[in-house]
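A.B. asks: Residue numbers (the working numbering), protein chains in the order written: chain H, 1 to 256; chain S, 1 to 367; chain L, 1 to 300.
Treat the hints as calculated values from the structure; they're not laboratory data.
Heads up, a few of these hints could be off.
Sample of chain H residues facing chain S (criterion: CB under 8 Å; computed from the structure) [claimed, not checked]: (1) Ile73; (2) Gly75; (3) Asn87.
Cβ-Cβ distance ranges computed for the label pairs, FRET-style [to be verified]: (4) H:Ile186 - L:Ala68: 57 to 63 Å; (5) L:Phe281 - H:Lys123: 48 to 54 Å; (6) H:Leu61 - L:Val130: 36 to 42 Å.
Quick list of in silico lysine-lysine cross-link-like pairs, DSS-like style, CA-CA up to 27 Å [to be verified]: (7) H:Lys70 - S:Lys13; (8) H:Lys13 - S:Lys24; (9) H:Lys98 - L:Lys39; (10) L:Lys197 - H:Lys122; (11) L:Lys191 - H:Lys98; (12) S:Lys24 - H:Lys82; (13) H:Lys13 - H:Lys234; (14) H:Lys91 - S:Lys13; (15) H:Lys199 - S:Lys8; (16) H:Lys122 - L:Lys96; (17) H:Lys91 - H:Lys6; (18) H:Lys82 - L:Lys191; (19) L:Lys96 - S:Lys24.
Note that the structure is predicted; figures quoted are calculated from it, not measured.
Cβ atoms here follow ideal geometry from the backbone N, Cα and C, with glycine treated the same way.
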Amino acid sequence: MQGGMKETKIVTKDLTLYYGEKMALNFVSIEIPENQVTAFIGPSGCGKSTFLRTLNRMNDLIPSVRIEGKVLIDGLDIYDRKVDVVNLRKKIGMVFQKSNPFAKSVFDNIAYGPRINGIRDKKRLEEIVVTSLQRAAIWDEVKDRMNHSALGLSGGQQQRLCIARSLAVNPEIILMDEPASALDPISTGKIEELIFALKENFTIVIVTHNMQQAARVSDHTAFFYLGELIEYGKTRKIFTTPDHKQTEEYITGRFG
Amino acid sequence: MKSYTFTKESLRKKFRLSEFLSEKIITGFALLSITIIILIFVFVFRETIPLFTSKERPTGSREELVQEQYGVVPEPRPDQLQRQEVYGIEPDSALMGNREYSTEEHAAGQERRVTVKGLLGDEWYPVSSNPRYGLIPLMVGTIKITLIAMLFAAPIAILAALFSSAFAPTWLREWIKPAIELLAGFPSVVIGFFALMVMATVLQELFGYETRLNAFVGGIAMALAAIPIIYTITEDALTAIPGTYKEASLALGASKWQTALFVTLPAATPGVFAAILLGIGRVFGETMIALMATGNAGLISANPFESVRTLAATIGAEMAEVVFGDTHYGVLFLIGSLLFVFTFSLNALAEFYIKGRLMKRIQGKIA
Amino acid sequence: MSRRNNITGAVVVGASAFSAIAIIAIIIVILVVIVIGGKDRMTWEFITAFPENGMTEGGIFPAIYGTALMVIIMSVAAVPFGTITALYLTEYTSEKSIFAQTIRFAVRTLATVPSIIFGLFGLGFFIKFVGGEMDSVFLGGQLKWGQPNILWASLTMSLLTLPVVIVSVEEAIRTVPRELLEASLALGATKWQTIRKVVIPGSISGILTGTILAISRGAGEVAPILFTGAAYYLATLPTSLSDQFMNLGYHIYIMSTQSADVDGTMPIQFATTLVLLLLTFLLNFIAILIRARIRRKAIV
Ligand SMILES: Nc1ncnc2c1ncn2[C@@H]1O[C@H](COP(=O)(O)OP(=O)(O)OP(=O)(O)O)[C@@H](O)[C@H]1O
Ligand SMILES: [Mg+2]
Numbered sequence: 001m002q003g004g005m006k007e008t009k010i011v012t013k014d015l016t017l018y019y020g021e022k023m024a025l026n027f028v029s030i031e032i033p034e035n036q037v038t039a040f041i042g043p044s045g046c047g048k049s050t051f052l053r054t055l056n057r058m059n060d061l062i063p064s065v066r067i068e069g070k071v072l073i074d075g076l077d078i079y080d081r082k083v084d085v086v087n088l089r090k091k092i093g094m095v096f097q098k099s100n101p102f103a104k105s106v107f108d109n110i111a112y113g114p115r116i117n118g119i120r121d122k123k124r125l126e127e128i129v130v131t132s133l134q135r136a137a138i139w140d141e142v143k144d145r146m147n148h149s150a151l152g153l154s155g156g157q158q159q160r161l162c163i164a165r166s167l168a169v170n171p172e173i174i175l176m177d178e179p180a181s182a183l184d185p186i187s188t189g190k191i192e193e194l195i196f197a198l199k200e201n202f203t204i205v206i207v208t209h210n211m212q213q214a215a216r217v218s219d220h221t222a223f224f225y226l227g228e229l230i231e232y233g234k235t236r237k238i239f240t241t242p243d244h245k246q247t248e249e250y251i252t253g254r255f256g
Numbered sequence: 001m002k003s004y005t006f007t008k009e010s011l012r013k014k015f016r017l018s019e020f021l022s023e024k025i026i027t028g029f030a031l032l033s034i035t036i037i038i039l040i041f042v043f044v045f046r047e048t049i050p051l052f053t054s055k056e057r058p059t060g061s062r063e064e065l066v067q068e069q070y071g072v073v074p075e076p077r078p079d080q081l082q083r084q085e086v087y088g089i090e091p092d093s094a095l096m097g098n099r100e101y102s103t104e105e106h107a108a109g110q111e112r113r114v115t116v117k118g119l120l121g122d123e124w125y126p127v128s129s130n131p132r133y134g135l136i137p138l139m140v141g142t143i144k145i146t147l148i149a150m151l152f153a154a155p156i157a158i159l160a161a162l163f164s165s166a167f168a169p170t171w172l173r174e175w176i177k178p179a180i181e182l183l184a185g186f187p188s189v190v191i192g193f194f195a196l197m198v199m200a201t202v203l204q205e206l207f208g209y210e211t212r213l214n215a216f217v218g219g220i221a222m223a224l225a226a227i228p229i230i231y232t233i234t235e236d237a238l239t240a241i242p243g244t245y246k247e248a249s250l251a252l253g254a255s256k257w258q259t260a261l262f263v264t265l266p267a268a269t270p271g272v273f274a275a276i277l278l279g280i281g282r283v284f285g286e287t288m289i290a291l292m293a294t295g296n297a298g299l300i301s302a303n304p305f306e307s308v309r310t311l312a313a314t315i316g317a318e319m320a321e322v323v324f325g326d327t328h329y330g331v332l333f334l335i336g337s338l339l340f341v342f343t344f345s346l347n348a349l350a351e352f353y354i355k356g357r358l359m360k361r362i363q364g365k366i367a
Numbered sequence: 001m002s003r004r005n006n007i008t009g010a011v012v013v014g015a016s017a018f019s020a021i022a023i024i025a026i027i028i029v030i031l032v033v034i035v036i037g038g039k040d041r042m043t044w045e046f047i048t049a050f051p052e053n054g055m056t057e058g059g060i061f062p063a064i065y066g067t068a069l070m071v072i073i074m075s076v077a078a079v080p081f082g083t084i085t086a087l088y089l090t091e092y093t094s095e096k097s098i099f100a101q102t103i104r105f106a107v108r109t110l111a112t113v114p115s116i117i118f119g120l121f122g123l124g125f126f127i128k129f130v131g132g133e134m135d136s137v138f139l140g141g142q143l144k145w146g147q148p149n150i151l152w153a154s155l156t157m158s159l160l161t162l163p164v165v166i167v168s169v170e171e172a173i174r175t176v177p178r179e180l181l182e183a184s185l186a187l188g189a190t191k192w193q194t195i196r197k198v199v200i201p202g203s204i205s206g207i208l209t210g211t212i213l214a215i216s217r218g219a220g221e222v223a224p225i226l227f228t229g230a231a232y233y234l235a236t237l238p239t240s241l242s243d244q245f246m247n248l249g250y251h252i253y254i255m256s257t258q259s260a261d262v263d264g265t266m267p268i269q270f271a272t273t274l275v276l277l278l279l280t281f282l283l284n285f286i287a288i289l290i291r292a293r294i295r296r297k298a299i300v
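All chains should be built: construct the whole structure from the sequences, respecting the hints.
C.D. replies: Right under this line is the structure:
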């Protein structure tokens, strides 16, 4: 475990979210530190993904969603009416459970973000693509097939490609929703190594169902249950001496 | 010291012109598609208005038109009886044709009026020196054709749907469905041509009736146009019945055909009903087949082997020759409005049945 | 099970099988009759030559040309319009909004309005209203646009085929995985950028299918153009949007009902019908192939 406490990057205050009438998040308050990995764990349907998606306002896409409470990043309320969602999302990368590369070439996938930001210069684009792929530790595997369809890559490669794609827009935060749940152990290992390397420069929030994974990669762990944040703290503490019985039961697999 | 990067300034809401324009334009186009429907209504009805307006009684007779559409025969008012001779005067078409039609509307107001009584006459002679615009023969013809067509199309299409959804093995089903849908892709002029050239002759030889082109031939040809519609919707309705429903019946010892006939088909009644309504709508509005295969004589008779003239065919046959804006023109648009209102109501009703009842029924059964 | 029951069962199954077979049989008969009736006349010359001798001889090139031109103009109007409306329905509004439901209702209505009504609308709106106004505003009342022509006929037809395009494109857009849209938006793309770069490329085959189906429908419809632009016989091909045009379906109708020598021109009529049928089938077949590909893509 790292030494001194890092600065806080993301703060939520009494965050409550409804899908129509149904409450999916119940007064969640949390402080997520900068340049560390924070893991969200909890049984299926407890609101982990929902919570993650409030952090880059992806839930705005769902018309029935209603949100109360606050989400502050660097102290800025991201749900403020004056905040530009598009620019906000440029600073927050997101990696989804199911890898979702576009039906384009490897190069065009990575260049998608820079291009929508108006970068046209071929040299610049190439530079960004190469660095992003290198940072996502997939450069060696794809450097000979930059013009091939990204759909031809293996599942694990696709997922790292998606990570590279989100790195290409230079985010500060990366949200990952079960990024390795559909992958084999070797690919999972690679993703975990990658996460470990990335936290140097990024604030990472990861949702996972895999307890070992949470224990291996994260510095802090939050346990959600039925839309509520039950317990939050240093990963080692959560996994060794949790305060709540539910947390313990869940971690030890005696849940439900 | 740490520098904050998520700042108010860097994340201030931006106005993006392309975003703004694209949204406005796309919404605008969507709005336009509603506008078109409204325009179609407006412009088809609009051309009939001069028929019923005049300086003396600008609105009175329009109400009667509405009544007439619902099939209520109003008692002719005395002032209408008096005016009957007026619409008999042949309009000076040479003069009217060249005039701007807005002024024309004004000037021709008197001549162009027709009365409800006139429209309910039993003679359709629009181009004689004493034109008569009785719609009854056309309505009788249309109804006759529709009845004959549905008599053939409905049982055949529904049975075929039952066959492909309940009895046919999967491989056969995969052939039947697209084949029948292929029939839907036949242009109606092709069906009309086939009826005119081949069916008419064959049927005449078979039944030995006198008039080669008649309601019977036309009706069967129309059935060919209606079958794919009725088949497709019935098939959909039948396959939408949940499997558990059928299994329950089979478990009680009912055989496959009993289940299909006494469980599945009744459960799909709203869908079948909707299918028939849509089939009727199709036949009612079908123009080319009617033009080519029915003989186009506006007779009132119950004999299926006599020629008929349908509402739609009348528009198709006569609109190209009329003088823009004269009575005949207006009456043809009136016929169009009738067709429109009728098919519109049929479809609305069908939709109600498919959407409301069928869905509720199916969902109700599951829950 | 009782014997009577068995017999009833056999009757039910038999009657339903007979119905299905009867429909297919009649389809085959129609096809065979038209192919046999038209195949001798169907030569290269027939397709590429002008009619001769009061249309009792020669080819039908002007009718093919006129039909092609009409469907092209029709597509130019209907495809962008239909695609944009479909985009609105899928991306810019929620299923439940009243406006969207109204549009859907309008589209369905449009799909079931008898085609002759479109003809009336074309006459009342395009020819008399728009055309008439154009003449009086730009040409001082001289008659040019206020009469039937290929432009008005094509636009009338585009309204008729609009629902076809909307439905196909909507279906295709819905097969574009939502995850891709989310990926794009999460990268900070705007909605319009996402539509341009992800949604439209992903549904291009649906747009194509819609176009082809619309063309196939438009090529075969006659009622809407009876009095909005089709002509019986023209010595020259249309060169301007304000010209009238010849049309395959209209040609069949006129030749078989109003020709001076219906029997003598029978082979020409059959051959023309064969051409029209082949054309619509070919188009439908292509559309089915593309559609099958979309469906496969949607499942994977
Ligand atoms: N779009 C939606 N509309 C309505 N309810 C939703 C929607 N998305 C999620 N929910 C509900 O909100 C609750 C939380 O869902 P969420 O996906 O956040 O759970 P999760 O913890 O990510 O589960 P999992 O581990 O299975 O991914 C669930 O009960 C779910 O059914
Ligand atoms: Mg989840």
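A.B. asks: Per the CB criterion, is H:Gly75 less than 8 Å away from chain S?
C.D. replies: Holds, because the Cβ-Cβ distance from H:Gly75 to chain S comes to roughly 7 Å (cut-off 8 Å).
A.B. asks: Is the hinted pair H:Lys199 and S:Lys8 satisfied, with a Cα-Cα distance of at most 27 Å?
C.D. replies: With Cα atoms ~25 Å apart, H:Lys199 and S:Lys8 stay inside 27 Å; holds.
A.B. asks: Could you grab the alpha-carbon distance between H:Lys122 and L:Lys96 and see if it respects the 27 Å cut-off?
C.D. replies: violated, 44 Å
A.B. asks: Check the hint pairing H:Lys13 with H:Lys234 against an upper bound of 27 Å on the C-alpha distance.
C.D. replies: holds, 20 Å
A.B. asks: Mind checking the CB of H:Ile73 against every CB in chain S and telling me if the closest is under 8 Å?
C.D. replies: holds, 4 Å
A.B. asks: Next pair to validate is H:Lys91 with H:Lys6; report whether the Cα-Cα distance is within 27 Å.
C.D. replies: Holds, at about 20 Å.
A.B. asks: Can you confirm whether the C-alpha distance between H:Lys82 and L:Lys191 stays at or below 27 Å?
C.D. replies: holds, 18 Å
A.B. asks: Given the hinted pair L:Lys197 and H:Lys122, is their Cα-Cα distance within 27 Å?
C.D. replies: holds, 19 Å
A.B. asks: Quickly compare the C-alpha distance for H:Lys13 and S:Lys24 to 27 Å and report which way the hint goes.
C.D. replies: violated, 36 Å
A.B. asks: Could you tell me whether the CB distance from L:Phe281 to H:Lys123 stays inside 48 to 54 Å?
C.D. replies: This hint holds: roughly 52 Å between Cβ atoms.
A.B. asks: Take the C-alpha atoms of S:Lys24 and H:Lys82, compute the straight-line distance between them, and say whether it is at most 27 Å.
C.D. replies: Holds - the C-alpha atoms of H:Lys82 and S:Lys24 are around 21 Å apart, at most 27 Å.
A.B. asks: Given the proposed pairing of H:Lys98 with L:Lys39, does the C-alpha separation stay at or below 27 Å?
C.D. replies: violated, 56 Å
The structure does not agree with the numbered hints 8, 9, 16 stated previously, though it agrees with the rest.
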